[in-house]
Amino acid sequence: ETGVTQTPRHLVMGMTNKKSLKCEQHLGHNAMYWYKQSAKKPLELMFVYSLEERVENNSVPSRFSPECPNSSHLFLHLHTLQPEDSALYLCASRNLGRSIEQFFGPGTRLTVL
Amino acid sequence: GQQVMQIPQYQHVQEGEDFTTYCNSSTTLSNIQWYKQRPGGHPVFLIQLVKSGEVKKQKRLTFQFGEAKKNSSLHITATQTTDVGTYFCAGEDRGGSNYKLTFGKGTLLTVNP
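Top line first, the protein sequences correspond to chains A and B. Take the first sequence: its position 75, counting from 1, is numbered 90 in my numbering, and each next residue is one higher. Take the second sequence: its position 22, counting from 1, is numbered 484 in my numbering, and each next residue is one higher.
Hints may contain errors.
As the list claims (entries may be wrong) - Using 27 Å as the maximum straight-line C-alpha spacing, the simulated BS3-like pairs for lysine-lysine come out as follows: (1) K532(B) with K51(A); (2) K37(A) with K521(B); (3) K513(B) with K55(A); (4) K567(B) with K56(A); (5) K532(B) with K37(A); (6) K498(B) with K518(B); (7) K37(A) with K498(B); (8) K567(B) with K51(A).
None of these hints come from the bench; they were simulated from the model.
All chains should be modelled from the sequences, with the hints used to inform the complete structure.
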C-alpha cells in the first residue's frame, strides 16, 4: 500500500457511457497526477494538479475531464470515449518542495467497447 | 519536447545472470529517477540520482548517472525471480518544471528459474 487508492480497479464502458475514475491520497501531498499507460508506450502524463490548481494539460482530448476538489482527491471524468482509450489509468501524488518521489495508486484498468 | 529513450525493451535472463538497462535523455536532466513495476502492479520508486557521475547501490542493484547528466543505467547482479518486472527511468528536465517527469518506455525483465 502506497497511501494512494484508486476506484474502480476495473471498468468496462461503452463509447456512449459517462463514468468517473476516483483517486484519493492519504499522504498529505500537495500535487496529484493522472497518467495513461498503454501497451508498448511510455507512461503518458495527462494532467497535473498542484495545490488543487491544474498546472499541466498535455493536449489531452476533451473527452477526459479532470477535477481536483481538494488536495486529497482527484477525479477523471470520462465521456464518449474511443476503443483506443482502453488502458491502465494511474494516479500519483507527490509532496512538491519536499520530496521528488511520486507515489502511484494501483490504477484503473479501463476497457472501452 | 524532452524525450527519454530506454533500451533494451525486453530482456530475458537465467536466474543468476546479470542485467543492465540503459536510459538516455534528449536534454540535460536535473535528476533521474528509477521505478519498478511488477506484472499487474503499479510503478514503485526505487531511487533518485542528482549529481553528475553519481553511483548508488541498493543491495544487488547499482544505479549510475552520467557525467553529462543525460544518461543513466541500472545494473542488477545475479538476478533472482523476484527481480521480474518492468524498470522505468524518469527524468526531470533541468530547464523545465519541477513537478513533471518524463518516463522512458521501460525494460521488461523476465527471469528463468
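Here is how each hint holds up against the structure:
no.	hint	verdict
1	K532(B) with K51(A)	holds, 25 Å
2	K37(A) with K521(B)	violated, 36 Å
3	K513(B) with K55(A)	violated, 30 Å
4	K567(B) with K56(A)	holds, 6 Å
5	K532(B) with K37(A)	violated, 36 Å
6	K498(B) with K518(B)	holds, 16 Å
7	K37(A) with K498(B)	holds, 23 Å
8	K567(B) with K51(A)	holds, 12 Å
When held up to the earlier numbered hints, the structure conflicts with 2, 3, 5 and fits the remainder.
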